[in-house]
Every structure is written in structure tokens, then in C-alpha cells.
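Protein chains: 4
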Amino acid sequence: MSTAAFALPQLENPREKCGVFAAWGEPHPARLAYYALYALQHRGQESAGIATTSGRAIERHADMGLVAQVFDTATLARLDAHAHARPGTPGGAIGHNRYSTTGASSRQNAQPFTCFFRHGSMAIGHNGNIVNAAELRLMLEERGHAFNTSSDTEVVLQLIAHCDQGSAADPLGDALSRLRGAFSLVVLYDDRVEVARDPWGWRPLVIGRGPHGGWVAASETVALDVIGATFEREVEPGEIVTLSDAGVRSRRFAPPAERLAHCVFEHVYFASPASTVFGRNVQSSRERMGERLAAESPADADLVVPMPDSGRSAALGFARASGLAYREAIIPNRYVGRTFIKPTGEERSAAVRLKLNIVTEIIAGQRVVVVDDSIVRGTTTRSKMDQLRAAGAREIHLRISCPPIRHPCYFGVDFPDRQQLVAHGREVEQVRQVLGVDSLAFLSLDGLLGAVGADPAAFCTACYSGDYPIDIGTGTSKEALTRGA
Amino acid sequence: MSTAAFALPQLENPREKCGVFAAWGEPHPARLAYYALYALQHRGQESAGIATTSGRAIERHADMGLVAQVFDTATLARLDAHAHARPGTPGGAIGHNRYSTTGASSRQNAQPFTCFFRHGSMAIGHNGNIVNAAELRLMLEERGHAFNTSSDTEVVLQLIAHCDQGSAADPLGDALSRLRGAFSLVVLYDDRVEVARDPWGWRPLVIGRGPHGGWVAASETVALDVIGATFEREVEPGEIVTLSDAGVRSRRFAPPAERLAHCVFEHVYFASPASTVFGRNVQSSRERMGERLAAESPADADLVVPMPDSGRSAALGFARASGLAYREAIIPNRYVGRTFIKPTGEERSAAVRLKLNIVTEIIAGQRVVVVDDSIVRGTTTRSKMDQLRAAGAREIHLRISCPPIRHPCYFGVDFPDRQQLVAHGREVEQVRQVLGVDSLAFLSLDGLLGAVGADPAAFCTACYSGDYPIDIGTGTSKEALTRGA
Amino acid sequence: MSTAAFALPQLENPREKCGVFAAWGEPHPARLAYYALYALQHRGQESAGIATTSGRAIERHADMGLVAQVFDTATLARLDAHAHARPGTPGGAIGHNRYSTTGASSRQNAQPFTCFFRHGSMAIGHNGNIVNAAELRLMLEERGHAFNTSSDTEVVLQLIAHCDQGSAADPLGDALSRLRGAFSLVVLYDDRVEVARDPWGWRPLVIGRGPHGGWVAASETVALDVIGATFEREVEPGEIVTLSDAGVRSRRFAPPAERLAHCVFEHVYFASPASTVFGRNVQSSRERMGERLAAESPADADLVVPMPDSGRSAALGFARASGLAYREAIIPNRYVGRTFIKPTGEERSAAVRLKLNIVTEIIAGQRVVVVDDSIVRGTTTRSKMDQLRAAGAREIHLRISCPPIRHPCYFGVDFPDRQQLVAHGREVEQVRQVLGVDSLAFLSLDGLLGAVGADPAAFCTACYSGDYPIDIGTGTSKEALTRGA
Amino acid sequence: MSTAAFALPQLENPREKCGVFAAWGEPHPARLAYYALYALQHRGQESAGIATTSGRAIERHADMGLVAQVFDTATLARLDAHAHARPGTPGGAIGHNRYSTTGASSRQNAQPFTCFFRHGSMAIGHNGNIVNAAELRLMLEERGHAFNTSSDTEVVLQLIAHCDQGSAADPLGDALSRLRGAFSLVVLYDDRVEVARDPWGWRPLVIGRGPHGGWVAASETVALDVIGATFEREVEPGEIVTLSDAGVRSRRFAPPAERLAHCVFEHVYFASPASTVFGRNVQSSRERMGERLAAESPADADLVVPMPDSGRSAALGFARASGLAYREAIIPNRYVGRTFIKPTGEERSAAVRLKLNIVTEIIAGQRVVVVDDSIVRGTTTRSKMDQLRAAGAREIHLRISCPPIRHPCYFGVDFPDRQQLVAHGREVEQVRQVLGVDSLAFLSLDGLLGAVGADPAAFCTACYSGDYPIDIGTGTSKEALTRGA
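Residue numbers (my numbering), protein chains in the order written: chain A, 1 to 485; chain B, 1001 to 1485; chain C, 2001 to 2485; chain D, 3001 to 3485.
Looking at chain A on its own, in the form it has when it is part of the complex:
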């Protein structure tokens, strides 16, 4: 089925980042990881993996596909049995959902990565993107290292092993202090889990109390909720937290960056509406984005229609603030999945119509405000607008709950090349013409940061502003690591 299939729903959406999870001291750490990864599935749908340690060796299962496809009861039982292979072993595991931002999307790149090294076994899961990965790999190659993959995560893994020579006091800390870029890491050793977050705090990472008294860490709070863990706190930028039989211990491998760089796009699109990210609930942030958008760019219209599912929260806020009627008139087809037979020319419109069905009775003859969360390439947005027009919409006023995306992300969001961004090099009016709507407005950057509500200076907004918190260099890792492939 796969050969001629393509991923219809991903044409327009930015690709998800990864999700990570870790547990120590829980009786069934692999099953815990399974549920947690399910809850984090929105962060990565390409591969899934879990590793457990017996205290002497690591067992791992990872493959391409959704969590539900990669794991079955027998596999989880095997992983959990391994975690308790020796009596009294407290049970440690890490898990990973992946949508790669570097490295080809093949099975061998499915995380966690594992290795044998000087001090036993290690497994590692990574969310983010290491900007200086290519330089680090060149350095390691010069010292006789061989690399198995083109993933920046393997660079991290080998760097940790490399830093572990002689009488190194903190090989992990040494290694992490050499990394530049975004990373939320979970590292499983024979006797502990260590989780760490880059000094800029790009990606979220939280720790909590497990349901049986152990400790857990996860990308988002929604994973804690699902497994019945209680939120303790965020891992701080520049911090390593050790989860072991001795409980929780903290150390720093670097001070927090002077300029923090939380990814604002987590609030706009990535994170679960039910999560609390960087100290704020995501669903509430999104509703406020809609409210501010209504205040900044009102529309003279009959009703507000959300673009499901990602535009619904902001549309609610927009309707509330504007007093316009909120109607569900765009019905998503829940069965349009990852694989879809490539449509021929004339079927392309059928394929688009299939994704979303319009309730003509609601739309026909109306002046409609459509609210969506963001626009990337613009091609599918254009199709959707055409569909609305064909269903009889009299006027279409498109409102987007974040500013125009005009710059690539080097910190874990897989936006397409600059040239493919519809807002790159175009004024809003030009974008409006491309999309064929009667009016178009984006939420302002101030409006966005106000809706998120925290210290505006603590956020990375480079995809809108081009103002990158750190120097990117000439060759970014992404291209550099795969130069030969």
C-alpha cells in the first residue's frame, strides 16, 4: 500500500517535533512509557521506541509507525520483564516519539538510540536540534569515531562516550556544555536516568512523581496526567536532573542563557491544548490569541467558522470577543490518514474535498470569518478557501492566530525552505491575493506574546521575526550531517 502513498495532511502543517519520556522506580516502566508516548503522539508520528535497563544491559524496541503500531502486549511485557530481570531492580525506562528534524526518516533512525560504552549501557532520546552537530561530528571523526547514522542524536551519544575518558568527573555535563541548539534529552544508564534541557529552554521538559512513588519526566504535562503522575516542576534551562534509587538530584551543566528562548510555536500549534507549557495552559493561550485577533482585526461578517481541528480554540476566542455566531461548518474526515493514494490531476479536488466536508446549508450566502492557527505553504489553505467559495460563501475573512511565518527554524520545527513559505517575501496583501480571500489578517507579534502571557523576552520568535537567539553559522546541522547522502 505504501509505494504510491503520500501524506496528505502534512502538506501544509509544520511537522511535529519529538516527544520524550523517562521513568525510574516504577513497577512497569515500559507500559508507563507506552501510555505516555500515546499522550505525546501529537509531537511525533513517524517512529516510536522504548528502552528499559536490567541494571546491566538495555533492551530496546523501536520502529517506524505510530505507538499503537510499534508496540504490542508481548513486546511491552518483554521490556518490562527486562527492567526487572534482577530481583529488586527498581525499573527504569525511556521512550521517544519522533518526527525527525535531522537525519533521514528510516528505521535505523528510530530512537531511543542505544550503545555499549566504557561504563556499561546507555540509551538516549532527544527532542530538538543541535546547531553545531556537524562540527562536533567532524571533530569526533578526526579522533577516529565512526558514525552509524546521519542523526544529530548519535553525535550527542558519541560525544558523551567521548567525554568519558580517563577520570572525567561529569562526562554528560561536559558533553552537553559543548552543544549549541535546542535539546530536551532523556538518557538511560544502567543505574539511573538523566534528563536535561538546553540553556535556552527551547523545548519543554517537566518532571513529576510517578503513580507508584517513582519519578518520571516528559515533554508535556499531558503525559503526566494520563499516567496518573503529579506535576513537580519544569526542568530548568541548563539543568541535568538525575532520577535514580536515591530519588531526584539536580546539577547544572551551564547557567541559563541570558536570553531565554522558549518556542512560542508550542503554544500556537505544537503542544496539546490540555498541557501546561512554559507555565501556561495551551488551550487558554489559544483562546486568548483569538480574542486579541478579534480586537486587532475585526471583520464585518455573519459568522465565525473554525478550521478544524487546530483553529478551533482561537475561533472560539474570536467569536466570543467579536460577538459573532460560532458555527461548525467545516467537517474533517477522521479517516484521511497518513497514506492516501496519489490523486491524478482531476482527482486532486476530490482529495481536497475528502479531507474537509463543507456544510453548505450553513455557509451558503454568508459572510464568513475563518480562523486558523497558522499558514505555512499556503497551498492547502488556498484549496480550502476555494472549497468554501464553491459552497456559496459570500465573503471570506481569513484570520490567523499568529504572525506570518517568514523564516526557517533551526531549533526543532521542520518548516519548509524559506522559498516555500507563502509569507516569505510577500506583504499580507499579496498573501491575501494568493489565498483568494476577501480579507486576511494575522495576529501581531505583540498580540501573540500578550496572549501567551509570560515575559515576552523569554520566547524565541525567530520564525516570525528572523531574530535568532543564537548565531546559526553558515552550515546548519541539518544539511551538513547529510551532506553525503
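Don't take every hint at face value.
Unchecked claim - Keeping only pairs whose Cα atoms sit at most 25 Å apart, straight-line, the calculated BS3-like set for lysine-lysine is: (1) D:LYS3355 to D:LYS3342; (2) B:LYS1355 to A:LYS355; (3) C:LYS2355 to D:LYS3355.
Hints listed in this document are in silico derivations from the structure and should not be mistaken for laboratory results.
Since chain A is already given, all that's left is putting chains B, C and D on it; use the hints.
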């Protein structure tokens, strides 16, 4: 993966009925069927199948799984090539999505069924349930027929062949006039498609103009929209419509029943919100159900929260009519699919929490109206209410946009046994206690029929009222056909 | 893997016929069938199936592939549990290996076929070919029957059901008496197994005592040996044997044909060397064929080399009778299986060389007698002779242990069309030129029948002589049943 | 199918070693490798893999399973397209069949292994066993290396990268000179293939002219024959041969060992009968083993029967030398493959009988000499002897064409632990009693070396004599590398 998997999302929901499609005179009838079945996927997710005719023989592909899993480009190309195996062949196909209401759920029961008979080839797809299938099969067995499956659709197929002896004028009409129960049928012959609807009009069936001038038929209008066909009219109760090179012809095998019996549950739950069913748009019907529910059973509360996705339309109507704030605070996990590892005892709550994440910030301390479309067993509703309570809801007022379901359906809806229906033998107050909510109200039957808006006497409401439009007899087909299995 | 794969080893060999098995009164009849079908795998490698009865219903598992691929432990356990679903059920099963001689090779044609009919459940497995199947199907279609497949086995099944009307005394006997052609049948009912053999005795069928006191039937004695059953006797031509709780009972549906027609090709190629077929051990027959061949057509040569594996027995006989040295110099590659990537033009020779490796040290400079069992198309034989020549053989004297095959078989052997038989329309000298050998000789028909040793008049030798034991008619079933497909 | 399956045919046989292949300058190197690996399949059936280089990067496909299962047309086309990604690229590939002697048998251990290192890409395939792999890995771990697998091949790969620091003149030569043990290696770089053989010459490795003027290397000559290449010469012990656009170049990384150690078991069992190994044809060696065995240990018997397939060559020699009749009376079931449903207690005999069918007519009442190539555990040999006895053999005289195997192999043959070898700690008379035969004799070591015919001092016979050519040390690699697992 499959052995220990169970279908989490189906515990509570009534099982979907089938979807049917037919085309004649279109250039790529199999691809057309593919898109149409995708649009009808909500009517059946267990198996999918398409058959095309070369004018001399039928080619068929059907298997367990979703449309996306069953078909690939090569299979569709083979089916379409077969449809045009002889120059000038106009191209005919039928398609079927299935969730069985009779017969075991195995691969050999995937429709369309095909056969060779006296006048060539035949393929058949069926949506509904034949009440007297067991009697008809016994009659045919007495006459030396052998049956391959326990499906009532095979009874229809063999009955058509059986009626085709000697100089029978209308074997199909003869056969259909002997059937009692609900059926919307598509039958593919070597030189035509015939589509038919039972005299009571239980299940929807519409015909339209294909995008290239041919003719199509489908269970719902949403399938016509997706393939770019234009709606012509409903097939009338008791009518056979022939789609062939000669265009559209109609004949009757029976007069419409004196008491029509459109399934009201199509409007409550089954049909796509974007479809027009029995002459009314479904999404609008559902919003009106919510409005009437607010009028009948208001609640002194702070906000209205929909149970996604099926309760959203009615919740919008409820919020509009009541003036209460509409908030999205229950977030469905889109990745919880058909297969799910069976949770152990203590994981059961994790499995429930996984399905829906609660936005605590919105719910905590609030008096909440929760709106859902229907309650069947009540077990998962109870879990969801507990989840809301755990998230801090101060009061929960549950509102259901149809009356209590207290009786089985013999016409194509796979409700569980009477004993498993939470409202069977219980007053509303007793159900409220079972569900653990502060107040509970169902939409009245009059309210429901008013919201649907058509002639109330034209609907079957037996699942609420126990008033069956036709005599069911002692042994219904469902049990009788599988007596030996 | 399958798309571009083709079946390399089957280019030249006649396709195997089917194998059947039946058991009653054994504790694990499905597992018994599994081992028996494994032992009969040489008779059919395309599909495998087993059915068991609970006394009320039949459970069946059948699919494309080898026995080892079709069955696993869980499936056999399920089938055996079904056989003992009711306490005291004695346990009945039938099994089938298939290489179709009529009907397309698809999954739905995998036997056993099952049905529900007037008297409960029935499953049927068939080895042979029904010459008048098309006529019988037309007759049944006229009477309103619908057919699911193009298989002659389904004609037999529906004919049995058809004969079971009113107060029919022996529906099975009635049905079988209408069949013309070759059949060894096993039929599983709710309360018994019935096994039957056509009046001409074309295909073998034997019965034996099961290892736990029950009764079994199988195509060949080798299946009895493997499961630890003891051979009782052959089923006689025209006999039905019932295996039930009452033990073994026999009745006749027809007298033995005046002219019996045991298939001599069973001894030449089909049957296992370890089996006793038509009263004679196969391996011994084949060695005698080689001895007679040496006597009829000696060669002035240095050594005798068998074509593995099918020519080994006759080559041994030839060497023994001729006094020439017997050397193994053609080494088959055991890993060249059913699927093989289609070779490009220049790779064709690599593909041929892969199948057989020549021991150059033994062949080079020698005058070699090569012994094989039969020649069908001649194309791969030609390749093999070229390979020997390239390895340095000075002279090649090809000896074949049966006469030239010049006529199609209508009784269960899937020889290609007449035109593709290399010996059709060619004298032996012409065939020698086609094959490029220094001398060529076939065993005479008298020699062959003498080697098999039984009454020569009891054998069908039509593929050599064209003298068919029964009238074939104008349209044979094979083409007729698939006329429309 | 896999869960409860076990590998019936491998209970008794020593596990096969690996096969390697390399090509440079051929137009379709991946397809060439495919055919070559097919020809070498007898050396490893667990996994298969092929890698090609574009001159800048390596593409690889490897998986568990037979060559036929791992590769399809599309995969080979992709690999060959990669080999010619840049115009004028001459096309290089290596291939590998594996039966691991170290490392777990999982997918990630399927070779070739690939890596990126200081000078580009590298892929490696290995046949043999490195005795000091664990020490080398410890050394590398001390220097900060991380290992992905427990395979000794990865140690070789990382050692090569490690030796490539600063201005190393010959990193490959440096690395190989540090290895102790058996290895025949193929290494693919961006611009060449390098193939090498350990200084003791344990495993075979030959080079030849490709069919289109390029160069190839393979474990056995049979692979050259199949692909139409011409044998040039063996790679010498201690030699590295470079195949590149500049043709063939040779260098030494070590002088040949004073005491060469060709594995005599290649002639006894492993290599293809059609191959020339260490300068002698294998089939002829085996026939001579049988002749010498007849001279050393004659038997007063009626006939000689080979144990198929491995005993056939020696049995022929035995019959020829003894003058006894040679009969094929043990018929192997060609369909008993790798997977087989685990038999219950009483079915064990059925499972054994299934593997081999006895021709009772030939065996009953006879005094039989059975000839086999070797005995390892003895358990299945005992079953086979019992089967012969049950078939009526009057006397059984078992003759084995090599000496008793009493010591483990550390150089690439996966014999079981010492304690499981039936001849370990037992005199021949005791083994005879265990096997239940009337007489038992093994070929003497002198007889074996005489049959192989070359310089006896050039062979490793440690599995018979315990006289290991090099010091093994206390911990062999096999256990040491997997210590933690």
C-alpha cells in the same frame, strides 16, 4: 499486534452501519468508488470492497480494514482496467464499507459479494438488516441451496438467483418484494447497476450525476460532494433505479409502506454532519436538538462543554439557546485507534484518560453542562464524568440530545443487548445515579422529531419507544442465521 | 517481494496435483491434518487448508502458501478446540493441499470449501478434475443456483446440496454418480467424514487406522506413516467410505469402471518415493524404470549423472543395470524457491546456473549419461544441457524414464497446452536436436508399465498415447468454467 | 507464524558460517551480488544484505531472512541506481549472508555494517570470528568509543576508523594486523573495495574477473560460476586486495602464518560440493572420504544408504569402494523449513518422521550401511536410526566421513557447547550405544586429511584434535562481547 488488542473507542458508541456506492458510465469507476467510500467511511470501518464489471465478468477486491488499508494504486488500476477491458465499455462499479449487523466479522464476509449465475455475473452491496433472512434461507436450503456465509446479504444474492428461473420477468423485483426489513442495495450486473431501497425507507440512498456525465448512487450526499457529483434525488422507498448506458430508469417492486420508517438515529449520530439525509441537513438538525434541549432542560451553570466529537453540534445549539459560555475543555486524543493494548486493572484509568484529556484550567471550580449525543451502555460515560470530577468540576449537568435508548434495533444499528443498555429498565433519575452527575436530562422524543423537522410519522423511533414499524417475529435474523456457528 | 517474482522451478515441471486428508475419532484432528498435509506437500504447494467440525458447525482455516506458512500453533489449537467444543465430540477434520487444475489461483479458491445446507454444515476437499463440471454448473444455474468461484469443487459441493431435496436417500451418492472424471474426495459433515474415489480410480486414496484408534484417509501412504497410522486398504473405485463414531462403513455409488485408469504419472513423478501407490512402492518402480531404460537404450559413456532430485531413482537403476559409474555432478540449490526476481536478458543464464551448479571436475572431458524422469516443455532441459556442455562434457546422452508426453491431461495433471509440449508433433530425433544432446532416448510405454508392474490395462497413459479412457467432449471443464473470467 | 516456531533442521547440524561477496566495475553490482549471495546461501540463512556506493555515500539494504525474502526487484534497482548515481561511476558493491557466530541474531546485526568516518563512507562484511574482539573493544571503549551492537564485526569497523587518525599510512592494514582469529573481509569505500584474509587462511576467499570486465571476490568459487565470472586466484593469507578503477592491487598486512589453518570442515560439510576450496573440489573430496572410510571400516552388509543430503557424496564413495549396492531409501521432505510448529510430546516422533521418510520396501530385513558426514549432538541421528529400525532394518552400520567432533570451534563454526557434543568425553563404543546402532565408525584424521589431499599441516583440525593453531585465551570473544546482554 492484533491478538490482545481491543477496540477502545467502540465500547460505548453504537456500531456504524454500512455505506454503499454505485457508478455507471464514469471513466474510472473504481477510483470514484474509492473516494466515495472514503467519504462514507464513518458508516463502516471493518471492511471495504469494490467490484467492477468488464461486461462479461466481475473483478472484485475486498478485505478487512479501512478503505485506506484495503486499497492501493495498483489494485484500483486493475479494477479500472477491468471495467474497460472491452473497448467502449462504459465502466460500472459498486463499493461497500461494512460494519456487519449480521454475520461474523471475517474476511469472507467483506462485501461486495459476487457470484456467477444464470445470466452472467452479479455483485451486491447491502446496507441494512433483513428481518426474515433466516426464513428465506431455510426455504432456499430446502430447495437444495448451499450457503457460504452467515450473512443476510448472501441470502439476498441467492434469492435473486433463485427468482431467476424459467421466464421470470423481474427476478430482482420478485426477490426484493419477499424481503422484510431495512435495505439499501446496490447490485452490479454485466450491463447495468441496479439500486434499490426497502419500502419503509429505513436507510438513506441517493442518486446523482457523475462528474463525467455518468450516474452514481450513494448512501449519503457527502459522497456525491466529494467526488464532484450533483445530487439528483433520493431513491424512493420501494423503488428500483437502473443505471445503464440507457441512463436512469425507475420501477417499483413494492409501493411505499403505509408507515414510513426513516431511521432517526441517522440524524442523531450516524450520518455525516455535512450530509443531507431524508431531506434535511444533519449538522443543522443536531444544532436544533441542542437548542430544544436547552429549552426543555436548562441548567444553572457556568459553561457548556461538548463531548467531542459527536456532542459538539448539539452543545453549540445548547450554548446558543442558553446564553452560557461555550468552551472546549475535553480534548480527544486523535491517535487512539482501533487497536489498543488491553490495559491491566490499574491501567484502566490511564486508558480512559488517554482517550480524552481534560483542560483543568477551564473545568476546575466550574459548574459545567456537558452535552453528548446519546448514551448506550453508560460505562464510558461514567468514566468521563469521573474524569471531569477529578479535574475539579464543581457541578456536572449532563444533557443528551436524544431520548433514552431502551430497545434493540432490528434494522441495521448494532446496539448491544437490551440488558446492556443503561437506560433499559431504569428511570432517568436512576441513570443519573449510575452516571454520577448532578443532573441529567434527555431530549424528549417530540423535541427530537421537531428538531429533525420532517413529518414525525415518517420516522422509526423504536429504539426509544419500542414501537416497531413492522412485526419482528420471534427469531430475528441475526441470531437465526448464526445458530450453528 | 511478490510483484516481480516468478516461479522459476515450475517452468518445466508439471504442476502438482492436490493432496487430501481426513480423520475421525482422533483427539487432535487438526494437528494430525497438519502433519499429514506436510507429508503431502509435494502434491500441492499453492494453498493449504484444514476444517474441523464441532458437531454443529464447521471451523476452517485456509490460505495461499505452504502448510508451514498457512498454519501456526494458535490456529491449530483453535481448530482442535472447535473439534471438541461439545463434550464427547469424537473429533473430525479434513485437510487439503492444492495446486489447482481448474479455477484461478486465488485465496478464495483455497480448499476445503465449506457451506451451510439443508442438513447442517459441510466441508469438501478434492483431488482430481471433473470433466463435466461446466455442464453440471449450467444445469444448476438454470435451477437458480449462484456460484461463488470458478472451481469444479464448488460444482461438486452445490450438486451435493442440490441432490439433497425432499426424501433423497443418498444425496452424496446421487451427486457423485453424475460426475465424470477424476476425483478423490473428502467430505466433512457434522457427524461424519465421507471419502470417495471415482469409478476409474485415477487418483490414489487410502484409509488407515489412526494412532489413537480413530480412522484416517489420505492421498498417499506416506501421510499415514508420518502420523503413525497403519495402512488398511485403498478406497476402491466407485466406493464411498464413511468414517464416523460407528467406525468404517462402505457403500458404492457406482461399480468400478470396466476400464480402470490409474494415473501412471503418479509413479513417474508425482507421488512420494516412500509411498505405496496402486499397490506398488514408488521408489522401487522408479529404479526399475531406470533399469529397463538401460536395457532398452544403452549408451557408450563414462558415467551416469542424475538430474536432481526427480531423476535420481531412475539414474540409480540405469547405473546398476548398465554397470556405469554413478556420480553426483549436478548440485541443486536448495534455496531457489517459489519467488525469484525476474532476471533481465543477460541474467537469464545466471538464473539457470543458480538453480543447478555443475561439478566441473567430474563432468569435464567425460561422456555423460544424464537421467531425468520426464520432459514437458523442454526449455529448462535445454538450458541444463547447455550448462553441462559449458562445464566440459564431451558427450551427453539424455535418458528419460517415461515416454514422450504428447497429449494434455484432463484428469488432474496441469500439463501446458499441447503446443508447448516439446514432444508434441516431433519425432524423438527432432526433440534431440531441440535439446542439443548427442543422443536421446525415452523409456517405452511397455517398459514403463512393466516397471510399474501391475496390470497394464488398469492404467491411464493418455498423456503418452492420446488414448483417453473416457470421452472428453468438446469443451473441457477447465476452459468452460472460467469462460467469463 | 513465528512465535512458537523452532528450527527443526538445525538441531543437529553445525550452524553455517557467513558468505561474503564484493564487486567493482560491474554495471549492475547489486544484482550481481544478489545472484552471488543466492549461490552462497548455504553459508548463512539468517540474514542477507547488500551495500553499494555512489562514490560519496553508501546505500544499504539488509534484513533477517533468506536472500529471496530480503530482496525484491525494486530494492535491487534502487541499490544499482545508487551505484551509478554519478555519471561514470564504475559501480561497487559488497554483499553478505550471515549466520552469526558472535552477537545476537537480530535485525540490527544483519551485515554489511556501514558507517560514516573521517574519509567518507565505509561498509563491511565479515566471515569468521575474531578471538581478541573483546579486548579490542575494551581498548576502544577506554578511548571513548560507543558500540551499537555486540558483533565482532563492529569492533573491526570501529578499529579501522580508530586507526585512521592523523597521517596513518594504511589504517586498514594497521587494524587488520591487530586482529587474531579467522576473517575473510570485504570492505566497501567510496572509491574502491578492499578484501582481506587472515594470516592463517581459515576461511576461503577468492577473486575473479567479472562478466563485464570488472573484478569480484567471493567466499566460494560457486558464486563466480553462477554470475559468469572467471576464477583468478585465492586471496592469500595476510593479503589485502584492492579492487578499484585502477584494477587489482595487492599488499600484505602480515606475512602468512607459519602454521596455516585452513578449516577442514569446509570440505566435510560447509562448502558447496561444486566449489573448489583451498585448491580442491569439494564433491571429489567427499567421495574420497567415503572411499577411505570403506577401506578403514568396512561392514558386512547388504546395501549402502546415504543420509540425505549431506551424506550422499561420501556414501557414493563408500559404495564404490566396498562394492555394496547403493540405494536411496531415506527420502527428505523438502518442505520442512525453518519454521515448524513445536510438536507436543507424542507428536515428536511425527515431527521426526516428517523430516525423513523411509522406503520400507528397501530397508526391511536388510543389513544397512548408513553414511553421514558428521555427528554433532547426536540426538537427531539417534531418532533417524530408530526410524530405520522401525522400518525393519536388520542391522545398522553407521559410518561417518570425519572424526568425532570433541572440541569447540573459535574460528567461525557454531558448534554447541562441549557438553552437548555427543562424542565429547565418550569413546566411539559409548557413542555407538547412545546412537543404538550395530556398529559405528568414524573416518580417521589421517584418512580425512588424505582425502582432502593437500598438505595436512596446512589445516586446522582443532574440532577433532583440540590442537588449536593459536592461543585462545581464557575468555573468547563470543561470551565476552555479550557479557552484559
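Does the structure break any of the earlier hints, and which numbers would those be? Checked against the structure, no hint fails, so every one of them is satisfied.
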